[in-house]
Amino acid sequence: KAGVTQTPRYLIKTRGQQVTLSCSPISGHRSVSWYQQTPGQGLQFLFEYFSETQRNKGNFPGRFSGRQFSNSRSEMNVSTLELGDSALYLCASSWAGRTDTQYFGPGTRLTVL
Amino acid sequence: AQRVTQPEKLLSVFKGAPVELKCNYSYSGSPELFWYVQYSRQRLQLLLRHISRESIKGFTADLNKGETSFHLKKPFAQEEDSAMYYCALNTGNQFYFGTGTSLTVIP
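The listed protein sequences derive, respectively, from chains A and B. Read left to right, the first sequence gives residues -3 to 109 (our numbering). Read left to right, the second sequence gives residues 234 to 340 (our numbering).
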């Protein structure tokens, strides 16, 4: 089975711009979660989508949003980028979410200048 | 509130020595606990979860509800164990990860 894929792998943006990241889960997985990883804060949960619905949300501002398509692929959008948004964004898929084992993608490295 | 605490950011042990990576959690419900590992240039992957009670690559972890701990242990460290280790708690709604411990096994 192919693993979780994320595109693009690297992005450089400037403050004020917006960005869209994409995640393709493992075939058959219906849950996709997004995380922000920074050296200071570690992995922080952004949100989880299951069957095209946002099921859980972490403590991030509304500039961070996402969606999931009928094929379970998910996108994450960050609007009005700030310097502090520079991070590695990881997506993880699992069969049905909840306490299922999560399988992580390689991440998208976002740099905001 | 910090749900998962890994007190050691860096840990170095000699090859063949025992290793213990500490993890404490804060959760009033019934916890689901995991250890994830990230080897150099690889993606984050599951090492073990407490409900399966299995040993992976010689590592074990016991849930101690009284001490709210889920420490990861291995009796004899190997060089290939050098990696970043993350303890994670799942509450049924989301995963909470610790900040990680970087383990270096010295040959």
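Keep in mind that the hints were calculated from the coordinates and are not lab data. Owing to the predicted nature of the structure, the values given are computational and were not obtained by experimental measurement. Some hints could be false.
[What the hints assert, rightly or not] No more than 30 angstroms apart at the CA atoms, straight line, and that leaves these computed lysine-lysine pairs for DSSO-like:
no., chain 1, residue 1, chain 2, residue 2
1, B, K255, B, K242
2, A, K53, B, K298
3, B, K306, B, K242
4, A, K53, B, K242
5, B, K242, B, K290
6, B, K290, B, K248
7, B, K242, B, K298
8, A, K53, B, K255
9, B, K298, B, K255
[Unchecked claim] With the Cβ distance kept under 10 angstroms, some of the chain A side facing chain B (calculated, not the full set):
no., residue
10, P4
11, Q40
12, F65
13, L86
14, G101
[What the hints assert, rightly or not] Just a sample of chain B residues kept apart from chain A, beta carbon distances all over 12 angstroms, derived:
no., residue
15, P264
16, R282
17, K290
18, Q311
19, E312
20, I339
Beta carbons are placed, not taken as given, at the ideal position from N, Cα and C, and that holds for glycine.
Tell me, in ascending order, the numbers of any earlier hints that this structure violates. Violated hints (numbers, rising): 10, 12, 15, 16; every other hint is consistent with the structure.
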